[in-house]
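Heads up: the sequence lines are chains F and P, in that order. The opening position of the first sequence corresponds to residue 1 in our numbering, with each subsequent residue numbered one higher. The opening position of the second sequence corresponds to residue 1 in our numbering, with each subsequent residue numbered one higher.
Hints listed in this document are in silico derivations from the structure and should not be mistaken for laboratory results. For clarity, every value in this text was computed on a predicted model and none was experimentally measured. Yeah, the Cβ is synthetic: ideal placement off N, Cα and C, and Gly gets one too. Careful, some of the hints might be misleading.
What the hints assert, rightly or not - Short, incomplete list of chain F residues facing chain P, as computed with Cβ under 7 Å: (1) Ala39; (2) Val40; (3) Thr45; (4) Ala47; (5) Glu80; (6) Ala83; (7) Pro85.
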Amino acid sequence: MTKTLNTVDSTRRNLLKGGAAAAVVTLAPGVTLQTVHAAVTGPATSAKRWGMLIDANAPEGVWDLAVDACKAEQGWGKDEKDANPATDPQWIRKVTIKDPKTGAKANLPVMCQHCANPPCVDVCPTGASMKRADGIVLVDKHICIGCRYCMMACPYACRSFVHEDMHGQRPHMPRGKGTVEACTMCVHRVDMGQKPACVEALNKAGSNAIMFGDLNDQNSDISRAVSKYVTQRIRADLGVEPGVHYRGI
Amino acid sequence: MRSASRILSLTILGFVLVAFGIGSGLLAAPAQAGEVPLPKPAKAFKGEQCVEPVSVMRRNHYEFLKHQRDETLREGIRGKKYSLNQCIDCHAVTSPDVAGGKVRTLKPFCSECHSYAAVSIDCFQCHNGAVQPGIGPQAALPADHDQMVKDKALIATLENHLAVPSKHGGSAQ
Chain F
1 MTKTLNTVDS
11 TRRNLLKGGA
21 AAAVVTLAPG
31 VTLQTVHAAV
41 TGPATSAKRW
51 GMLIDANAPE
61 GVWDLAVDAC
71 KAEQGWGKDE
81 KDANPATDPQ
91 WIRKVTIKDP
101 KTGAKANLPV
111 MCQHCANPPC
121 VDVCPTGASM
131 KRADGIVLVD
141 KHICIGCRYC
151 MMACPYACRS
161 FVHEDMHGQR
171 PHMPRGKGTV
181 EACTMCVHRV
191 DMGQKPACVE
201 ALNKAGSNAI
211 MFGDLNDQNS
221 DISRAVSKYV
231 TQRIRADLGV
241 EPGVHYRGI
Chain P
1 MRSASRILSL
11 TILGFVLVAF
21 GIGSGLLAAP
31 AQAGEVPLPK
41 PAKAFKGEQC
51 VEPVSVMRRN
61 HYEFLKHQRD
71 ETLREGIRGK
81 KYSLNQCIDC
91 HAVTSPDVAG
101 GKVRTLKPFC
111 SECHSYAAVS
121 IDCFQCHNGA
131 VQPGIGPQAA
141 LPADHDQMVK
151 DKALIATLEN
161 HLAVPSKHGG
171 SAQ
């Protein structure tokens, strides 16, 4: 699968498409075609490792902001009167945890943890469940058959199955009945150099409760924070190496 | 004996005549009904020049889109020449059949030929084929678009020069 997808299509068309390394392509003696570089992003490389740091000590209200921003950006979620909580997709949710001994409570958002060793990718029978080179875990809905094996494999219960016909999808986020979906870490925004929608919404509200950045870059804010504070990853004992870190749980 | 053979030959002749009559009737029927009308895809909402010459797009648009979808999703390569959102930008038009003509969608453009050619793939069960107001252009034209238009004649010449015989045979229209 990987080989097929990475194979360079060496037809003449690639010469004409632009984006080739050479500025001038010689097609025949005396015939050259000048290519102009378009604003092309990617390919994603393993030099980056996108991650998040979530501060569970942040005021409880901010998580609703994050969930609402995700719904608005990605087009999931319904009005309460139409909702069917048992089956509706849920890309990010607010979870309340309580220490039974002390009674201490904390709230935290849980979404796809973008594992370095994602069990959902291991079990996928078609290769639809995939991890990008920069650590973002996605579903290729073009080849997802909706078997939901990944949903069973995910230790964080972060994937959802679309049970109903979809209408009014966002242009950057195709969604369809019969496929599995989850947090994409707003890959369409990240590729354009922006932050995920939840992070941006919190920043706008003056909160830094979710930090986003490159964990491989020693100078990024998130790397500094992760090296400065004690952080946890949920079920770190499983060895799936999530890209989402938490403080205060 | 003689009359028996005569009866037999007459019977055979009768069968032949009847068979010819039925056959000619069947052959004549489609000619009377006429052919399925050729598709008339809607004219683009904006722009006169697609990212490739029309004949190339007609023959290969699905190859471009399929190749690029894998690059985009799996490798994060965005902003290259072919994009479904860019199709929507130019080719989405209003039609009385869709939402009472209030939204621009790709349906009138795509479904014309797809239904004619019995193509069952439907991108728009998942992708939203409608222009969504309030979010600005859904895809900017590629940075090399202007240059490309200037090079249109050159590219067309090269395309024709380099064109290999199509395995799909005669293209539509």
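Status of each hint after checking the structure:
no. : hint  : result
1   : Ala39 : holds (5 Å)
2   : Val40 : holds (5 Å)
3   : Thr45 : violated (9 Å)
4   : Ala47 : violated (13 Å)
5   : Glu80 : violated (24 Å)
6   : Ala83 : violated (21 Å)
7   : Pro85 : violated (23 Å)
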